[in-house]
Amino acid sequence: MAKSENNYVGWEPNVTLMNGNIQKRVLLTYPYFDYFKVFGNYEKVSIDQSAPNGYLELQAGYKDIFIESTEGAVFRIYINDRLMLEEFYKFGDKPINTIKQVSVQKGVYQFRLEVESLDPSPYDYAVWAVVKLWDRNPR
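Positions 2 to 140 (this note's numbering) are the ones given, in order, by the sequence shown.
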């Protein structure tokens with residue numbers, strides 16, 4: 002968990018998203034100020050089985066609390082510094098629920114989760130609900 006004057010990231014239990022769905026545990030990110038990014042690097046993630054037809058799954062959005070209107074945020078997932086998934090979220094929309102086909106070989110990787118604020122609102126309560134790497138289509 003990291004905190005500074007202008008940003009925040011940390012785990013939060015039992016969070017209601019804007020569509021009313023409750024997630025048991027989310028990574029709450031608070032990218033204060035315009036075009037500010039909050040990110041987490043996950044070093045040395047070991048993949049024990051190749052997934053030539055793998056999928057990245059992302060569920061993300063905003064926490065359902067009363068806040069002043071905000072433009073939205075961009076959620077990004079990088080693997081070894083390569084952008085693998087990018088989704089724009091507009092305030093008030095249903096949460097992002099997407100998958101993208103990726104090819105990942107057996108080995109050790111760095112994953113980076115990044116959220117970027119799109120405007121100067123001091124109330125961007127963006128949350129990561131699910132980020133998963135599958136060896137086949139989960140749907």
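Mixed in with the good hints there might be a few duds.
Restraint ranges, calculated between C-beta atoms of paired labels, are given here [unchecked claim]:
(1) Phe40 with Gly108: 33 to 41 Å
(2) Asp136 with Tyr43: 24 to 32 Å
(3) Lys101 with Gln50: 24 to 32 Å
(4) Gly41 with Lys101: 30 to 38 Å
(5) Pro53 with Pro14: 32 to 40 Å
Simulated crosslink set (SDA-like; lysine to any residue; CA at most 20 Å straight-line) [what the hints assert, rightly or not]:
(6) Lys133 with Asn42
(7) Lys133 with Gly55
(8) Lys133 with Gly108
(9) Lys64 with Gly93
(10) Lys45 with Glu115
(11) Lys38 with Asn15
(12) Lys91 with Leu119
(13) Lys133 with Leu28
(14) Lys38 with Leu119
(15) Lys45 with Val75
(16) Lys25 with Lys133
(17) Lys91 with Glu72
(18) Lys133 with Glu87
(19) Lys25 with Leu86
(20) Lys101 with Glu72
(21) Lys38 with Trp135
(22) Lys133 with Gln60
(23) Lys64 with Lys101
(24) Lys64 with Val75
(25) Lys64 with Gln50
(26) Lys133 with Phe112
(27) Lys38 with Val75
(28) Lys101 with Trp135
(29) Lys133 with Ile97
(30) Lys64 with Pro96
(31) Lys91 with Gly73
(32) Lys38 with Leu86
(33) Lys91 with Asn42
(34) Lys64 with Phe40
(35) Lys101 with Gln50
(36) Lys64 with Leu28
(37) Lys38 with Lys107
(38) Lys107 with Asn54
(39) Lys64 with Asn22
(40) Lys95 with Asn42
No lab work stands behind these hints, which were simulated from the structure alone. Beta carbons are placed, not taken as given, at the ideal position from N, Cα and C, and that holds for glycine.
Hint-by-hint comparison with the structure:
1. Phe40 with Gly108: 33 to 41 Å: About 22 Å separates the Cβ atoms of Phe40 and Gly108, which means 33 to 41 Å is violated.
2. Asp136 with Tyr43: 24 to 32 Å: violated, 18 Å
3. Lys101 with Gln50: 24 to 32 Å: Hint violated: Cβ distance 19 Å, outside 24 to 32 Å.
4. Gly41 with Lys101: 30 to 38 Å: Between Gly41 and Lys101, where Cβ atoms are some 19 Å apart, the hint is violated.
5. Pro53 with Pro14: 32 to 40 Å: Taking Cβ atoms as reference, Pro53 and Pro14 lie about 36 Å apart, which means the hint holds.
6. Lys133 with Asn42: Distance ~15 Å between Lys133 and Asn42 Cα, so the pair holds.
7. Lys133 with Gly55: With Cα atoms ~10 Å apart, Lys133 and Gly55 stay inside 20 Å; holds.
8. Lys133 with Gly108: Since the Cα atoms of Lys133 and Gly108 sit roughly 17 Å apart, the hinted pair holds (cutoff 20 Å).
9. Lys64 with Gly93: holds, 10 Å
10. Lys45 with Glu115: Roughly 17 Å between the alpha carbons, so the hint for Lys45 and Glu115 holds.
11. Lys38 with Asn15: violated, 24 Å
12. Lys91 with Leu119: holds, 9 Å
13. Lys133 with Leu28: Given that 20 Å is the threshold and the Cα spacing comes to 14 Å, the pair holds.
14. Lys38 with Leu119: holds, 10 Å
15. Lys45 with Val75: violated, 25 Å
16. Lys25 with Lys133: holds, 16 Å
17. Lys91 with Glu72: It holds: about 6 Å lies between the C-alpha atoms, which stays within 20 Å.
18. Lys133 with Glu87: holds, 14 Å
19. Lys25 with Leu86: Outside the cut-off at roughly 24 Å; violated.
20. Lys101 with Glu72: It is violated: about 25 Å lies between the C-alpha atoms, which goes past 20 Å.
21. Lys38 with Trp135: Answer violated: Lys38 to Trp135 is near 26 Å, above 20 Å.
22. Lys133 with Gln60: Holds, at roughly 9 Å.
23. Lys64 with Lys101: violated, 24 Å
24. Lys64 with Val75: holds, 15 Å
25. Lys64 with Gln50: violated, 35 Å
26. Lys133 with Phe112: holds, 11 Å
27. Lys38 with Val75: Distance ~9 Å between Lys38 and Val75 Cα, so the pair holds.
28. Lys101 with Trp135: holds, 10 Å
29. Lys133 with Ile97: holds, 14 Å
30. Lys64 with Pro96: Distance of about 9 Å is within 20 Å: holds.
31. Lys91 with Gly73: Satisfied, since the Cα-Cα distance of roughly 4 Å is no more than 20 Å.
32. Lys38 with Leu86: Holds, at about 16 Å.
33. Lys91 with Asn42: Distance of about 25 Å is beyond 20 Å: violated.
34. Lys64 with Phe40: holds, 18 Å
35. Lys101 with Gln50: Holds: Lys101 and Gln50 sit about 18 Å apart, inside 20 Å.
36. Lys64 with Leu28: Satisfied, since the Cα-Cα distance of roughly 11 Å is no more than 20 Å.
37. Lys38 with Lys107: Between Lys38 and Lys107 the Cα gap is close to 30 Å, so the pair fails against 20 Å, i.e. violated.
38. Lys107 with Asn54: holds, 13 Å
39. Lys64 with Asn22: holds, 10 Å
40. Lys95 with Asn42: violated, 27 Å
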